[in-house]
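Trainee: These protein sequence lines are chains F and S, in that order. Note that this note's numbering has the first sequence beginning at 1, numbered continuously upward. Note that this note's numbering has the second sequence beginning at 102, numbered continuously upward.
Don't read these hints as lab results, they were simulated from the structure. Predicted model, so just to flag it, every value in this text is computed and none were measured. Warning: the hint list may mix true and false statements.
Interface residues of chain S toward chain F, partial, derived using beta-carbon atoms under 8 Å [claimed, not checked]:
#: 1; residue: P356
#: 2; residue: S358
#: 3; residue: R359
#: 4; residue: E361
#: 5; residue: A364
Where a beta carbon is used, it is the ideal one built from N, C-alpha and C, also for glycine.
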Amino acid sequence: MNTDSQAAIDAATVLRPSRDIRYRRIDGEAVVVRQKAAEVLVMNEVAARLLDLADGRSSVGAWVDVLAGEYDVDRETLERDVLTFAAELAAEGMLEIADGV
Amino acid sequence: MSVAGPIAETASGFGGGFLINPDLFPARRSGEAWGGREIALTLPGGPYRFSGLNADQEATVRERFGGYCEVGGPVAIDSVLFRAAEADFRTIDVRGWEYGLDLDATPEAVRLAGLRLVGRLDWRPGLSGALWTPDGGGAAFAGIFENFLRVLVAYRFHELGGAVLHCAAVASPQGARLFLGRSGAGKSTVSRLAQEHGAQVLSDDLNALRLEAGAVTVEKLPFTGDYGDPRTPAPAVPLAGLYRLEKDTADALRPLSRAEAVACLLACSPYVNADAHRRDELFSDLLRLVPPQKAWSLRFSLGGGFWPILS
Chain F
1 MNTDSQAAID
11 AATVLRPSRD
21 IRYRRIDGEA
31 VVVRQKAAEV
41 LVMNEVAARL
51 LDLADGRSSV
61 GAWVDVLAGE
71 YDVDRETLER
81 DVLTFAAELA
91 AEGMLEIADG
101 V
Chain S
102 MSVAGPIAET
112 ASGFGGGFLI
122 NPDLFPARRS
132 GEAWGGREIA
142 LTLPGGPYRF
152 SGLNADQEAT
162 VRERFGGYCE
172 VGGPVAIDSV
182 LFRAAEADFR
192 TIDVRGWEYG
202 LDLDATPEAV
212 RLAGLRLVGR
222 LDWRPGLSGA
232 LWTPDGGGAA
242 FAGIFENFLR
252 VLVAYRFHEL
262 GGAVLHCAAV
272 ASPQGARLFL
282 GRSGAGKSTV
292 SRLAQEHGAQ
302 VLSDDLNALR
312 LEAGAVTVEK
322 LPFTGDYGDP
332 RTPAPAVPLA
342 GLYRLEKDTA
352 DALRPLSRAE
362 AVACLLACSP
372 YVNADAHRRD
382 ELFSDLLRLV
392 PPQKAWSLRF
402 SLGGGFWPIL
412 S
């Protein structure tokens with residue numbers, strides 16, 4: 001669990017999938033292998049979309065710009081939900097702060 | 102986020118739990134053969150030929166694998182048995198101990214270490230095997246041989262684009278149903294209940310899936326727990342359905358998404374799912390092996406009421 005990532009995440013944070021995970025998108029969902037925990041997980045479409053957006057270059061704020069075109073929800077709510085979800089994924093060890101950003 | 106299940110841990114400090122000096126692990130397929138006997142096993146994906154056996158080892162294999170044994174004929178996978186020194190292996194108190202082989206994979210080879218065994222799988226370029234053991238026959242050798250063979254067959258099916266799965270397989274006129282789940286999920290319980298309803302249990306431990314001529318088939322393997330005949334081959338059976346097991350007080354079916362089904366199969370693909378060099382390929386193979394609308398979550402009770410709802 002990466003609590004540093006969880007504490008530090010804001011709209012300017014740049015995240016990437018954790019080095020520990022490997023994932024494959026299947027019909028919108030994602031099958032995730034956590035290598036250290038030796039575990040297989042299924043993530044829903046929203047979580048899988050965030051994994052895709054976490055490319056190690058775009059900030060979480062930039063994700064919100066992209067998702068605003070995909071979901072019919074006001075921007076304030078969207079940003080709050082994305083930040084919360086990103087922090088949860090980081091706390092679960094799925095996302096980590098990108099090096100050198 | 103839902104957890105489909107655990108996979109075997111990847112190797113770190115490979116072999117140290119079993120071997121006195123893991124640095125001396127054989128770098129190639131060579132050594133002193135136990136004898137001049139050979140035997141071929143007509144398991145799915147084979148035949149698998151083993152040479153270098155002594156008379157006691159051959160008799161042990163014949164006794165254990167019965168109708169799967171033959172002499173001569175074409176061979177798909179070639180393996181050799183070599184002697185190992187007793188002093189190479191740690192003495193392990195197995196009381197209350199859960200046994201798991203130690204595997205270490207590279208793109209060219211897989212090394213394995215276990216109780217009184219070391220083995221290699223090499224691609225030269227086809228798959229071949231080598232097994233070193235200090236046991237010259239008998240019950241201990243039977244277990245050693247089977248443990249090696251399980252890994253060999255799993256990798257052979259991977260080579261063929263199929264998968265060996267930790268599951269129970271039950272054949273009925275509709276085809277074979279696979280019941281998957283982690284240890285304790287109920288594979289043997291479901292096998293018993295299905296058998297009581299007149300179905301035939303292929304195995305309650307390991308079975309294989311393969312895509313042939315556009316159809317997914319279930320292949321019986323001689324690796325069984327409490328249910329299934331480990332000495333008699335059977336023809337492949339078309340896959341009727343995949344069922345992820347969950348014990349409950351009532352019986353119910355829910356369709357699995359393709360991601361859930363693939364995750365379940367991945368968690369139940371022993372050895373290969375822990376191989377970082379082959380996991381991507383395994384993912385792709387499993388996607389092809391999951392037929393549309395044939396994967397389910399099965400909540401089942403101990404009363405056996407689940408069997409009618411499968412139809």
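Trainee: It remains to establish, for every hint, whether it holds in the given structure.
Mentor: Comparing the hints with the structure gives:
{"no.": "1", "hint": "P356", "verdict": "violated, 12 Å"}
{"no.": "2", "hint": "S358", "verdict": "holds, 6 Å"}
{"no.": "3", "hint": "R359", "verdict": "holds, 5 Å"}
{"no.": "4", "hint": "E361", "verdict": "holds, 5 Å"}
{"no.": "5", "hint": "A364", "verdict": "holds, 5 Å"}
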